[in-house]
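S.K.: Sequences are here, hints too, so could you generate the full structure?
In this text, residue positions in the sequence shown follow the UniProt record's numbering: the first is 1, and each later residue adds one.
Hints listed in this document are in silico derivations from the structure and should not be mistaken for laboratory results.
A portion of the hints provided could be inaccurate.
[Unchecked claim] Distance windows between CB atoms, simulated: (1) 83 x 46: 43 to 49 Å; (2) 233 x 64: 28 to 34 Å; (3) 171 x 250: 27 to 33 Å.
Glycine included, each C-beta is placed from N, C-alpha and C at the ideal position.
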Amino acid sequence: MIITTGDRPLTEVAARAERLAERLGVPYAPRGNQSMSKLLSRYGDEEALVVLLQGVRLLRPDRPQLQFHPSMGFVRAKRVLKGESDPMLEAAGMVPGDSVLDCTAGLGADALLFAVHGGERSSVTALESSLPLYALLTEGMAHYASGLVEVDAALRRINVVHSNHLDYLRSLPDNSVDIVYFDPMFREPLEDSAGISPLRAYANSDSLSAESVSEAVRAARKAVVLKEKRGSGEFGRLGFAELLRPGTKTSYGVITIDQRS
1 MIITTGDRPL
11 TEVAARAERL
21 AERLGVPYAP
31 RGNQSMSKLL
41 SRYGDEEALV
51 VLLQGVRLLR
61 PDRPQLQFHP
71 SMGFVRAKRV
81 LKGESDPMLE
91 AAGMVPGDSV
101 LDCTAGLGAD
111 ALLFAVHGGE
121 RSSVTALESS
131 LPLYALLTEG
141 MAHYASGLVE
151 VDAALRRINV
161 VHSNHLDYLR
171 SLPDNSVDIV
181 YFDPMFREPL
191 EDSAGISPLR
201 AYANSDSLSA
211 ESVSEAVRAA
221 RKAVVLKEKR
231 GSGEFGRLGF
241 AELLRPGTKT
251 SYGVITIDQR
261 S
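M.R.: Given below as structure tokens:
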């Protein structure tokens, strides 16, 4: 992966791109007036993260363009700000000030919702094992402008970490975070989505392991939550109680920590 900018970038944008490349340990490629295909060919690379003034996109010739945008997370966040309920937050039993570990960040929609609902006293950490997705997420959350002050502030509060979730969970002390959340990529998509389909090419498609769940239960103080297809056998396999939601294609499963034997 290389880090570059759009055509004729502002000095501040070029500086941001260069700092990000240095932090990630990947090449910074000044754009000049080169086409993206020529730039990739020059550096012998397959993908480029393009830093923009208020956004960021991931480009690869053989895959659809992936641009940072909270997507439905933004819609859901606006509902929560209006005082409406959200099934994920209800399943997690989150209250303002809780700490949350999102083990499968993706494009950060769920982490955003946790941060909006949790408020300034909450702590939300989002893990992403894919370096290109991590780069897209950390840069996007730092600079994306949604038009809502509360949403932008919540994005900036999220701590994005480049890590495999099992390794990260193993490093945590017992009872060190209120809620641990998993939303693994469905092996078979429920529906096509312009926002999600490009993500599938980068995201980890492995099944959630029983060891990951065990480590999550050890580290959590209140609950471990899993999002899956409605009626999925993953809930039973991994020890989650499925919360049925009439008329929906997805469900949340919960392991409530204070009810452990």
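S.K.: Each of the hints needs a verdict: does it hold here or not?
M.R.: To see whether the hints hold, each was checked on the structure:
no.	hint	verdict
1	83 x 46: 43 to 49 Å	holds (46 Å)
2	233 x 64: 28 to 34 Å	holds (31 Å)
3	171 x 250: 27 to 33 Å	holds (30 Å)
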